[in-house]
Every structure is written in structure tokens, then in C-alpha cells.
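As given, the protein sequences belong to chains A and B, one line each in that order.
Residue 131 in the working numbering sits at position 131 of the first sequence; the count goes up by one each step and never skips.
Residue 126 in the working numbering sits at position 126 of the second sequence; the count goes up by one each step and never skips.
Calculated from the structure, these hints are not laboratory results.
Hints are supplied without guarantee of correctness; some may be wrong.
Which chain B residues face chain A? A few, computed with CB under 7 Å, are given here [what the hints assert, rightly or not]:
{"id": "1", "residue": "28"}
{"id": "2", "residue": "65"}
{"id": "3", "residue": "71"}
Using 20 Å as the maximum straight-line C-alpha spacing, the simulated PhoX-like pairs for lysine-lysine come out as follows [stated by the list, open to error]:
{"id": "4", "chain 1": "A", "residue 1": "398", "chain 2": "A", "residue 2": "226"}
{"id": "5", "chain 1": "B", "residue 1": "140", "chain 2": "B", "residue 2": "95"}
{"id": "6", "chain 1": "B", "residue 1": "45", "chain 2": "B", "residue 2": "74"}
{"id": "7", "chain 1": "B", "residue 1": "74", "chain 2": "A", "residue 2": "180"}
{"id": "8", "chain 1": "B", "residue 1": "74", "chain 2": "B", "residue 2": "167"}
{"id": "9", "chain 1": "A", "residue 1": "180", "chain 2": "B", "residue 2": "69"}
{"id": "10", "chain 1": "B", "residue 1": "69", "chain 2": "A", "residue 2": "136"}
{"id": "11", "chain 1": "A", "residue 1": "398", "chain 2": "A", "residue 2": "202"}
{"id": "12", "chain 1": "A", "residue 1": "227", "chain 2": "A", "residue 2": "334"}
Built from N, CA and C at the ideal position, the CB exists for glycine as well.
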Amino acid sequence: MMLNGSQILIQSLIDQGVDTIFGYPGGSVLNIYDALYDKKEEIHHVLTSHEQGAAHAADGYARSTGKTGVCLATSGPGATNLVTGIATAYMDSVPLVAITGNVASDLIGRDSFQEVDIAGITMPITKHNFIVHDVKELAATVRLAFEIANSHRPGPVLIDIPKDITAAVCEYEKLPRFEKRPISAPDEAQLKDAVNAIRRAKRPLIYAGGGVLSANACEELLAYSKKTQTPICCSAMGLSSVPYDYELYLGMIGMHGTPVANYATLNADLVIAIGARFSDRVAGNRKKFANAAQIIHIDIDASEISKNVACDTALVGDAKQILTHFINQVEEQKHEEWRNTLVDFRTKIGLKKPAEGDKVDPRDFIYTLHKLLGDDAIIVTDVGQHQMITAQYYQYAKPRSFISSCGLGTMGYGMGAAIGVKTAHPNRPVVLITGDGSFHMNMNEMACAVSQNLPIIVLVFNNSVLGMVRQWQTLFYKQRYSETSIARKTDFVKLAEAFGATGYRIALKNEIEPVMKEALSCKGPCIIDCIIDPDDGVYPIIPPGKGADEIIYGN
Amino acid sequence: MNQKRVVLSLLVSNHFGVLTRVTNLFSSRGYNIISLSVGETENPKFSRITIVTSGDEAIINQIKLQCAKLEDVKAIHEIKDSELYMREVVLVKVKVSYMSEDEFMRFVEVNEADAYRIEDQLYMVEMCTGTQAIDAFIDKLEMFEIVEIARTGGCALAMSATTVYDKQ
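In isolation and in its complexed conformation, chain B is listed as follows (with noise of 0.2 Å):
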């Protein structure tokens, strides 16, 4: 069966080994976990769990239902492709050699991140934009010496009236 991408986005109870439950599900079941963020929301009740995945229709299905039995996932909001709004973060610290600080601030200026010196060479480099914009600007970088990349999962809303909460 055709292998699909998947974000789902999970309201969950804000206490501590709640990530551990869903990690531990995803790996005792032998799911796929492509990217996975976590953060609070509006209400300090729940936290929201970002999880890109990846496997046939029978597949995430599973992966929904099994995550819907955690006593502390309150919801699960699969968010269709059409109204995906999707984020996320890099920083990568890079070494730039052949270039004058105007003219490495030019190209990254160009390609809509922001970089701040460290010291001599040594750059700090963010970028906030879709996955594959990050994966192409990283390609970019590869001409300079990446020295580290942090890199966060991605982290997402519907670009529609349709919120988790409906899931409940």
C-alpha cells in the first residue's frame, strides 16, 4: 500500500512522562516518528504534541486509535495536507572563510534567514520556514564548514476554523 506523510497533532495532559508514553508507544509498535515537537498551549492543562509520521492508510490509522487509548491523549487532529501550516527551526553554527561579514550577511539576508556573528568567522545561522526550505538552505550552507546544526521538529496548526479541541 502507498506509504503517506502524516502530522498529527495531539492534545495531551501537561505532566511530566506524558512524551514518554507516546514515544514509547510509537517505538513499541514499530511506528515511524519522522519529527516530533512539544510544547504547552493557551491552557496550562494540555500540551501539544507535533508528530510527523509516515506509513500506509492501515498503518495511521493504527497509529491514531493506539495513540487515542493513552489515558493522558485528550485528542488527536490529523491535519489534512490542504490546510497544513507548518513550522519549524534550525540554527546552525558555521565557519565562513572565503567570505567578508557583509557578504555572508548578504546571502543569508537573501535567502530569508538571519545570522549573527560569534567571533572572527563564526557564525550563528536561524532559519523559521517550512521543512524542505530548511533541508534546501542546509544544502546551501554545505559550501561553508558547518561546525553544528540544531534542528527542532516541526510544529503545526490548520489553516482552517478546525482545531484539536473538535477531536475531543
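This is chain A alone, in the form it adopts within the complex (with noise of 0.2 Å):
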């Protein structure tokens, strides 16, 4: 069958099994979006309101249900708005594949009309990116993109296409679905190490990251700590890997992990890490993080082997498979004083409690939502202090129900993921709990959402500052609150009305469930104006660079 470049590239995404994308059209994928207008049964396109909500929201719908997100822009600026999209994905190890046209062959190098070199600016956040000079090799980079960014430790792929390419035409030949690579096993001699050090154990923690999600091995985690009677903290990127009433679930490690979770690194003797990669939000001082403990390190990576913590064993490989390995290798295990030493603490030393009073505190708020939303629901979230607090409080039911840029730390992140994961997930209550300096930076997405008529709630806590950098002022810059302040005069309800969507308001405590309950009614996207105090801080914190002994409790 002889198509045309723009038709080779839609029906090589329908072959490789995509039915969603998100874009924006413009000069160059003109050809692009021609074609797609013959495809609108196989293919559902999300206009977005700006490239990056396109990025944010193939990303979003990657990570709630583990597909390719799919992103399409045009050249120049249209490309140049995906990278802080595809950073994020990079950062968070997303599967996604990122299309932007370019200008036609002839007028490459020219400083054409809308002409950048997204290629070479993508190299550092990308797995691999191809720019397409043949028609021919058009199908194969597009199944081999999808092969890249789905193997091993997934992330973001980018296919840049000349317009003329778009055009040229060539003889197509279906390509089968693409096949994830080859896992090789892990190190016998290392396995069986790993095995005696968990026997020998009598203080073991399981620190788990989003490789545990990535590589569905949640059933397994759960399983082996069952069987072994291991205890299991998680970083902001393995949060809903372990359901909240675990018993053995003892919240998030680090900067603002639960104190419990930290004083477990601490005192552990064996840190068996999954799919976790030490950052600096988790080891803020890498030579003190859990020094008496062994460290075995299980990552599909082998480069995160030793990267920023040394380990003593190094399981390079699924964990999955490895966690499977373990479940049958290793006897059930008691280690009742440990345990016994954990609950105690955290009888003592727990989060942060709610304040008194009639105010809204968003811990309480974010606490019990998940009673208003059920365990079907998925948030999302931007950055900043709501981000913490949900990190902390929200009670995590199914795997992928907490999206939130962990490692890039996107302000602005929120509203597209959201589009992207409702998208994914028109059944399942979807909220986006943001920040009025985060929401001001993607708000244009609401447009998106209401056009899209998808039902979500968004949640800002509005306190009229840039929270978490007001925080850092007041403990480590004297109180100078520059540039901090920043009081806008949005109304959200004027905002979420003229949007076409409808707006709340939430001042007082009492007002949480009424409001909240109409707006789980809502037949479209809401916004909840939700007044905080501007002087509330997230707690606990380990100031960066410093080790969990110094940690500042806040309460």
C-alpha cells in the first residue's frame, strides 16, 4: 500500500497499539494532522492549550496506566515547549514518545521559520532521539521509539520529521507491535548473597521507588514483606506501591518522609532497595544515609548500582523476577523487637496533627479525603507544600494513584497530568490537589478540560505564597520573603466560571465535605478555592545536604 508519510506515521502509532495522543497542530505537521483527520475513529486527539500541557498530559496518562503517553508538536517554539514535559518524564523514568514535525529538509540549517534543532536539545533529556531523513525508515523509528522508551528503565523518546517527509510517499508494510528487550538475570553469586544478608537480618527495611511500580511489582513487594515481616518505606516516586493500612507500611523516606521512616534508616541493619535511586531528596547526605545498615540495591539500571549511595550487593535486573526469587528462597522471618521498636516510635513521634480550630488545615483535608473519594480514586498533584502534604497524608489505596513530577519537581506539572490520567481513566475520580503559585503557571489547561468535558476536581490550596520557597526563607534566609508574596487577585470562582467550568469555595473546616461532594457531582472539570495560612510549613524536613539524625520535627 503506498501512503504518504503523515499517514505511515498515524498508522504505525495505531500499529504499535495507540489509540490516545495529545497535541497541538501548526505549520509543520500540517501534513500531520491532515492525515489524522481520517483516523478520528482509531485515534482520539486532546487539543491541549499549550505543548507543554501535551508533554504533562501523555505523561499522566503514562504513568496511571503504564501505555506510551503520546505527544505531538510542531516545529520551532511548538517543540521548544514539549522539553520541560519531556525533562519531567526523563526525571520520573516515563514512558513516553514525543512527535514534533520539523521544517522541510531543504530549509534545515537555515534558520528557517519556526526551525530549532529540537534534537540536539532533547539529547540530555531524552532515552535515545531520532530525527527521520527517509520515508522509508519512517515506520521502523516509530516501532523502535516505542521498543526504547518501553525497555528496561523506560523514559521519553523523541521522533523529530522534516515536513517533507510528511509528505513523501512509500510503499508501507504493517510492523508487528513492538517487544520490550530481554531482561538479563541478575549475578548468581550476588543472589545468593543478597539471600544470606536477608537471613542474617534482624533490622531489615524495604526502600521502595517507582521501579517497584514500573515493573509491576507491587503484589511482590507486599508478598515478600509479608513473608519476611519486613517493613517497607517508600520514596515520593514509590508512593501507592503499598496500600496506606499496611501494617508494615511506614510512610515516605526523606526531606519530608515520615519520622518514623527516617529513624527506620537509621537504625536498619539491612536497606534492600527497589527501584530507587538514593537522590538527594532521599540521601541528602550520602555518606551518612544508613550507615549501619548493608545495602542491597535491586535496579533494572546498572548504572544506578553505587551512582550515588555504594551498596554491598548489587541485583541489576526485574524486580519482579528478583523480588519472586527472594519470596521463595527465604523463610518466613519474625523480627518482632524491630517492629515493636518502630511502633513505638511512631506512637511517640508521628506526622505532624492537624491544627485546632475552624480554619481549613490541609493535612486533615488531604487526610481524609480518600474516605470523600474511595480507593479508586488517582491524584495528582504540582509542586510545592501541597505536594509534600499529600506525599504524607494521602491514604494511597492501588498502584499509580499518587502522579506527581517527583524528580524534576515541574511546577506547573499538575493541570496537564490530570488531563492526561482522567483521559486514561474516565471512570475513576480524578483530583488535582495544586497550589495557587503552581496552578497560575498551566491553568490555560482548564480550557483543555472543559473542552474535553472530563470531570476534575482541582484542588488549590491557596495560601498567597510560593510556599515551599517562602519555607526555605523563613528556615534558612532570616524571614527576607523576596519575591515570595504573591498576593494575585484571581478569583478562582470568576476563574473556574469563565472557563466554563465551576468553582468553589472552601474557607472553613466544616465546609469541606458539602463542597467536596458537589463537586465529585460535577459533570465537568471544577476548581475548589481552598484558603490556607501562609505561615503553616511542611514538617518534618532534613535540611538538604544533612542526614536523618537532623531532622527538625516542626512539632
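Put the two chains together into one complex, using the hints given.
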């Protein structure tokens, strides 16, 4: 069958299993959008307000489903607008295929209108990228892009297609669906060492990261933990891999982690890190992290082993397989003393208690939110205090129910991501928890949410300041509040109405439940403007560069 | 930890942009490049990049593992010091005012280099040998007036049956 490059691109996407893409048209992708016009029934295109929103939407779609997110943008500014979204996906290992048009081959290198070297720009923030020089290579390139994005440690791949290639015609042959590349088995000797270390351990601790979710190893994680009575803490990326009500779940680890999770790292004699990378937000002081413990590091990416914190046993491979091996090899264990120590500590020093009084404390709002939303809900966040409070207090029930930019810390991520999540899960409640700072960055995507008729609840914790930065100014900059008191005049209720959505305001605790119930019954998106205290801080905090023993509880 | 100097031989896909990907990785992660050379191999599908770098053991290990993740890098061979055979080329344009042509040509010959007279007192001097010998020879040439220097990075193979293909 003779097809042009645009038809080949769209057909190849369909052949690779794509049914949803997020994008924005423009001059260099006119041919591609023309081909899409014929395939509207097979590919649902979500028109965002801005290409950044499209990249975040594809990312949210991918995180919440485990499938590949796809976004499409034109050359030049369209392509550069994707960059923050691609970098966000790269830092959090999200499988993404970004497609950009470029100017025609004979215009490349001439500073043509809307020309940019997007392959050069995205080199350090993609697993790999392609410029398609020949229409005959297009279908194979698309398939390879999906293979790379999904194999081993997932990540974004960009395909840049000059406009003449989207018009060039060639014979099209359907290629099979991509397959993930095989994962090699971990080293036998290291596996034995790991099993022995587990048998010897008196105070073991699991530190679970996003790799557990990527490997679909949540069930195995829980089964292993139950069999060996090993407590689990999660990095922000690992949140929702363990259900909140699991008795051995200690919560988040690191800078704003729970007191007990950080206490456990100081006292454990064995830390099993699974699909986690010991980032500076977990191991602020790399030299001091879990000093008393032997460390077993399980990761699919060999370059993560001893990158930040040196480990004693390295298991490079599939977390699901390795955990299954452990479950089969290790006998049942009981660590009652260790367990009692942790329970005792948690009883004495827990997370900060919500404030008394009529005003809204985001802590008990988020803590009780789960009851209103149910186990099916997916929580999306932006970046800042609201993100950390959500990470600390929300009761995650199911895997992939916490969608947040953890590595890059992209303010403005949430609105696009929520669109991607709701598009993928139309029947599950999706709540974007954001702040007035983050929401102002990309609230233009409300227009998209309204057009797509996506009932997303946007909960804006409005303190009129850039709370997280302000908190650091309080703690580390002598309360010199440089440019963090934003005090915008935006009326979020009117804003919601202007977008064609519904707006609510919550100022007092007793308004939470009735408003949330109404919001949940909304047919389209809504914004809840929730007024909170600008001086509230996120605690505990381990100051940057410090060890878990230097934690500030703040209560 | 102890810094060591390491020679890495990378077998990479032979298409444009690959060198940029490798050097980008070094700069974005703060790794050191002491010298670098690139050229085609006996197989037109592959090029070989020879990188001389330095770092402690953990950094060298990271460099190898990070490079290995690049889609275009097919194999990485760290050539052991005991097996290292490395050569680089230097061209020096030099002005010789106080030696005759014969005297200068003898000086060059004694130093196992080659020279060609360009015009009057201006010579092109060429040497292909190990890095340290080239450094020492350039020091000697300082007694004349060095006009300009062009120097390649090191290019290396293992003095053993081991090849980069064994590391694929």
C-alpha cells in the first residue's frame, strides 16, 4: 500500500497500540493533522491549550496506565514547549514518545521560520531521539521509539520529522507491535549474597521507589514484606506501590518523609532498595545514609548501582523476578523487636497533627479526602508544599494512584497531567491537588479540560504565597521573603466560571465535606479555591545536605 | 579516592550526532575528557571513539555504565594499562632562525620526527608517538619559535587478542 509519511506515522502509531495522543497543530505538522483527520475514530486526539500541557498530559496518561504516552507538536516553539514535559518524564522514567514536525529538509540549517534543532536540545533529556531523513525509515523508527521508551528503565524518546518526509510517499508495510527487550538475570553470586544477608538481618527495611511500579512488582513487594515481616518505606516516586493501611508500611522516606521512616534508615541493619535511586531528597547526606546497614540495591539500570550511595550487594534486573526469587528462597521471618521499636517510635513521634479550630488545615483535608473519594481515586499534584503534604497524608490504596513530578519538581505539571490521567480513566475520580503558585503556571489547560468535558476536581490550596520557597526563606534566609508573597488578585471561582467550569470556595473546615460532595457530582471540571494559612510549613524536614539524624520535627 | 587515568574505546554507530551524544553525556554529568579521537573502523556501520578520561574508580565505573546506556554505543572496552598501545599525531609549524636547514633536519631526525620546509625559515614538523614523548618533543621545540600546533587525541588498541567486539 502506498502511503505518505503522515499516513505512515498515524498508521504506525495505531499499529503500536496507540489510541490516544495529546497535541497541538502547526505549520510543520499540517500534513500529519490532515492524516489524523481520516483516523479520528481510531486515534483520539486531545487538543491541549499549550504544548507543555500536551507533554504533561501524555506523561500523566503513561504514569497512570503503564502504557506509552504520546504527544505531538509542531516545529520551533511547539517543539521547545515540549521540553519541560520531556525532562519531567525523563527524570521520573516515564515511557513517552514525543513527535515533532520540523521544517522541510531543504530549509534545515537556514534559520528558517519556526526552525529549531529539537533533537540537539532534547539529547540530554531523552533516552534516545531520531531525526527521520527518509520516509522509508519512518515506520521502523516509530516502532523502535516505542521499544526504546518501554525497554529496561522506561523514558522519553523523541522523533523529529521534517515536513517533506510527512508528504513523501512510499510503500507501507505493517510492522508487528514492539516488544520489550529481554532483561538479563542478576548475578548468581550477588543473589546468593542477598539471600544470606536477608537471613542474617535483624532490622531489615525496604526502600521502594518508582521502579516497583514500573516493574509491576507491587504484589510481590507486599508478599515479600509479609513473609519476612520487613517494613517498607517509599520514595515519593514509590508512593502508592504499598496500600496505606498495610501494617508494615512506614510512609515516605527522605526530606519530608515520616519520622518513623527516617528513624528506620538510621537503625536498620539491612536496607533493600528496590527501583530507587538514593536521590538527594532521600539521601541528603550520601555519606551518612543508612550507615549502620548493609545495602542491597535492586535496579534495572546498572548505572544506578552505587551512583549516589555505595551498596554492598547489587542486583541488576527485574524487580518482579528478583522479589519472586526472594519469596521462594527466604524462610518466613519475624522481627518482633524491630517491629516493636518502630511502632513505639511512631506512637511517640508521628506526622504533625492537624491544627485545631475552624480554619482548614490541608493535612486533615488530605487525610480525610480518601474517605470521600474511595479507593479508585487517582491523585495528581503540582509541586510545592501541597505536593509534600499530599505525599505524607493521602491514603493511597491502589498502585499508580499518586501522579506527581518528583524528580524534576515541575510546577505547572499537574493540570496537564490530570487531563492525561482523566482521559485514560474516565470512570475513576481524578483530583488535582495544587497550590495557587503552581496552578497559575499552566491553568490555561482548564480550557482543554472543559472542551474535553473531563470532570477533574482541581483543589487549589491557596495561601497567596509560594509556600515551599517561602518556608525555606523562613528556615534558611532569615525570613527575608524575596518575591514569594505573590498575593495575586485572581478569583478562582470566577476564573472557573470564565473557563466554563464550576467554582467553589472553602474557607472553613465544615465546608469541606459538602463542597467535595458537590464537586464529585460535577459533570465537568471544577476548581475549589481552598484558603489556607500562608505561614504553615511542611514538617518534618531534613535540611538539604543533612542526614536523617538532623531532622527537624516542627511539632 | 585515587584518581586514575583510563583509556576507553567505544564502538559506536557510524552516523552523525553520535559523537555529540557521547560528549554531551560527559559534559552534562561533569566527567573529564583528557583527549578524544574518532574514526571509522573496518566495518562501515561502526566508528570507534577513543576517550582518555580520569576519575576515581566509582566515577570511571559510572562513565562506562552511562555510556553503555546510549542507544548508539554498541560496546565499551577499557584498555588495561599493561595492554595499552596508544598513538597520537602532532603537527608543529615552527620558525627556525638560528639553525641551518641541515642542522634543523638533523635535530628533527635525532628526535624521531619528520619535517618539511614550507618557506624560508618556516617548517612543518610531524611526529606520531605516545602522548608523553610528544609532550617532551614540544618542550624541546620551544627553543625555536612555535607558530602553531595541531594535535590529535590518542587512538588506541589493546596489545592482546582482546578486542572491543568481545565487549558487545
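Would you pick out the hints that fail for this structure and give their numbers low to high?
Those not satisfied are hints 10, 11.
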